[in-house]
Amino acid sequence: MNHQARIIEIVERLSGKPLSIGPDESLFESGVLDSFALTDMIGALEKEFSIRIPDSDLTPRKFESIARIDAYVAHALLRAASPTLGTPRMGMPRG
Amino acid sequence: MAYLQAFGAYLPDRVVDNHELSAQVGTEAEWILRATGIVERRFAAPDESVASLGIRAAKNCLENAPLPARDIGLLLAACSSAERRFPGPASAIAAGLGIQGVPAIDLPIASAGSLFGMALAAHLAPAYGHVLVVATEVMSRVVERHPAHRDTAILFGDGAGACLIGPQTGFAEIRDSLLASDGDFAEALHLAPDAPLYMDGRTVILQAARKLPRAITGLLERNGILPAAVQVFLMHQANLNLIARVAQTLAVPEDRFFCNIQRYGNTSSASLLIAAAEWRLQHPSPPAGPLVFAAFGAGLHWGALLAAPGTPANSGITVGGAM
Chain A
1 MNHQARIIEI
11 VERLSGKPLS
21 IGPDESLFES
31 GVLDSFALTD
41 MIGALEKEFS
51 IRIPDSDLTP
61 RKFESIARID
71 AYVAHALLRA
81 ASPTLGTPRM
91 GMPRG
Chain B
1001 MAYLQAFGAY
1011 LPDRVVDNHE
1021 LSAQVGTEAE
1031 WILRATGIVE
1041 RRFAAPDESV
1051 ASLGIRAAKN
1061 CLENAPLPAR
1071 DIGLLLAACS
1081 SAERRFPGPA
1091 SAIAAGLGIQ
1101 GVPAIDLPIA
1111 SAGSLFGMAL
1121 AAHLAPAYGH
1131 VLVVATEVMS
1141 RVVERHPAHR
1151 DTAILFGDGA
1161 GACLIGPQTG
1171 FAEIRDSLLA
1181 SDGDFAEALH
1191 LAPDAPLYMD
1201 GRTVILQAAR
1211 KLPRAITGLL
1221 ERNGILPAAV
1231 QVFLMHQANL
1241 NLIARVAQTL
1251 AVPEDRFFCN
1261 IQRYGNTSSA
1271 SLLIAAAEWR
1281 LQHPSPPAGP
1291 LVFAAFGAGL
1301 HWGALLAAPG
1311 TPANSGITVG
1321 GAM
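So the sequence lines, in the order shown, correspond to chains A and B. If you read the first sequence in our numbering, its first letter stands for residue 1, the second for the next number, and so on. If you read the second sequence in our numbering, its first letter stands for residue 1001, the second for the next number, and so on.
In short, the hints are calculated from the structure, not lab data. Every residue, glycine too, gets a C-beta built ideally from N, C-alpha and C. Check before you lean on any hint, since a few could be wrong.
Pairwise CB distance ranges (calculated) [stated by the list, open to error]:
no., chain 1, residue 1, chain 2, residue 2, range
1, A, G31, B, P1309, 45 to 53 Å
2, A, S20, B, A1148, 21 to 29 Å
3, B, S1285, A, S20, 52 to 60 Å
4, A, E48, B, H1190, 31 to 39 Å
5, A, S82, B, E1187, 28 to 36 Å
6, A, R13, B, H1123, 43 to 51 Å
Only chain B is shown next, with the shape it has when bound in the complex (with noise of 0.2 Å):
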């Protein structure tokens, strides 16, 4: 069995709202919002990195567990904007951690990587004990903020998440996941060395909302729950759209589904575990229902995974940067 036991997060101090950024893109701030739902969206400072951003998240985590990080038993680091093709940053957090000798691996998977991670931990912690997800991301860095590039340009955001597993005890057991991939779309969405990022957003909508809503009625028939009993449906923050018709298609009211896309933009795998140490922050007694965790991205790489209450609730009630 595996329990989760705390979330946490970094977001970068600048702000970078949707005036700021029409005027790069050549559009309309009014636009951005309209399409997309977002706000505002945070940039990473020049000397911050994926590995410093993820270690302020993993330290804010470990901190509403609490833990101590000489307990982590394996870090896994989900990160597809880092600043080199290897070693990427799952090491040098671990290092930023002062935890050197634990195994640190790194998941390229892009928006569905921190989901995975979580997945992958939930298998791992009656093994390896206290399992550390870090998700991490500077995406301003991977898109060009130029007209051309203009729909991609106005999505993403910089920050990182965090998640701790463990093997005994927590606010909420990990009861299922599930997972899948496709990757005959995998030219959908796309990062090439030395090239900004690209997206196809009309493909990666059209199987988005598809496939998304069916992994997680997936899930929950499986589980015997039903959509209407679940507290909350934590999602990767891509489009605000696109979360109002996963709760459409699944017929649940759409203020179920915890969003906060508006102030930070896609975060692509951190997005996920930001949005769950918001979520956390805002309800830090035990959970009164099954949890659902879900995120779709490139690869295409997507799932869900389902939390319910089980044992007596930890702590985990602050969340780092500037939210």
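Okay, chain A solo, but in the shape it has when bound (with noise of 0.2 Å):
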């Protein structure tokens, strides 16, 4: 399974449904996580991705969107096997 089917696969289990939006799609506005199931989602990518995400990237906006947190991930995940990357930056690849 890649990445965005993992991601896929913590937002349904948080959302208690299958996505049904697109994965640039804002994942707030569109009702599918509120603030507090953000924040499990951010426990769960932790988890299963096996990344430390720092206070400095809990911003809403990293994790707005499919598209934008599989990029954080991959970042993360880059991040991880070269330490001296620095966080990912917005305006990441939309889709």
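Take each chain as given, in its own frame, and dock them per the hints.
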């Protein structure tokens, strides 16, 4: 299973329903996740991908959509492999 | 050393329930309850001010101690909703108590203001004697009750709390505190001049849900105390769901967290001391175990404070205002 499929599985588990929006659509504006489900998702991502998401990265924008989460996870995994890399920057690819 | 001696509170008379508010902000009362856990809040009367609310809470606290105002050596006033930029309400509260000449310091820290005040008071009490910490807010005048500002309009209420900390005796000794700040997220929750309060709720919740449990755990660990051994957690009353989340993270039953946000909403810095005053009113006997105070808010500022049974209890058993 690729990263995006694993992320979707987490989101569906937290929202309790199949994901019905596209990868670039907002998980918040569409009502898929609320603020507290977002905190759960952060913990679930850390566990699923064995990554540590620092406090400085805890902004909703970085986790706004499946595509953004996917990009964040990819960078976090790269960062874990090469600790000299910085944190993911915003303006990441949208799809 | 420093000790908790008494708490006090004052709540304005006017009750604003979710039905009244929902009509103004274009939502449903049930949604407000579900999203926040808040049933109603209090709004100050037009002739009330942050100083007048603070004076009422301070007097209630001094009655509960009991201690004459002239024995106060230092006053700290937390307030984020003052009517003017300066002076803050500290000196007016001191004047209202008849203790002109006593140093009175403002702490415009918002939600964590009373916690920071208590921690500072614990350090300053050996030098100044009795330190009165007052937290007072009229949040109803800094939020916009309009559909565009629905997420903040539904949260806040008005009120004031107070805490007396002394150097020699009290119902619990202040053992330790852990305070922290992170300016990287200062924009997430702020009140600019001539603009309504702004809050990026998702960022605040994300940060609080991680930083608050970590602060409490760090404080307890360095004092060799397990969360399960704490008698009561008294927190800033920001959101019922957040309090439940902190309890869950600490693996402590939710009923160990004293909550009154249902009746008063989020009163910013005042909420911690209003909650403490109500808790003390309901539990006037000496504490059976450690007490943990914790708060998180704009700044970001957050932290936790540990108190534990120390010297024999004093009184402290009434609460002012219409609770």
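Hint-by-hint comparison with the structure:
no. : hint                           : in the structure
1   : A/G31 with B/P1309: 45 to 53 Å : holds, 48 Å
2   : A/S20 with B/A1148: 21 to 29 Å : holds, 28 Å
3   : B/S1285 with A/S20: 52 to 60 Å : holds, 55 Å
4   : A/E48 with B/H1190: 31 to 39 Å : holds, 34 Å
5   : A/S82 with B/E1187: 28 to 36 Å : holds, 31 Å
6   : A/R13 with B/H1123: 43 to 51 Å : holds, 47 Å
Taken one by one, the earlier hints all hold for this structure without exception.
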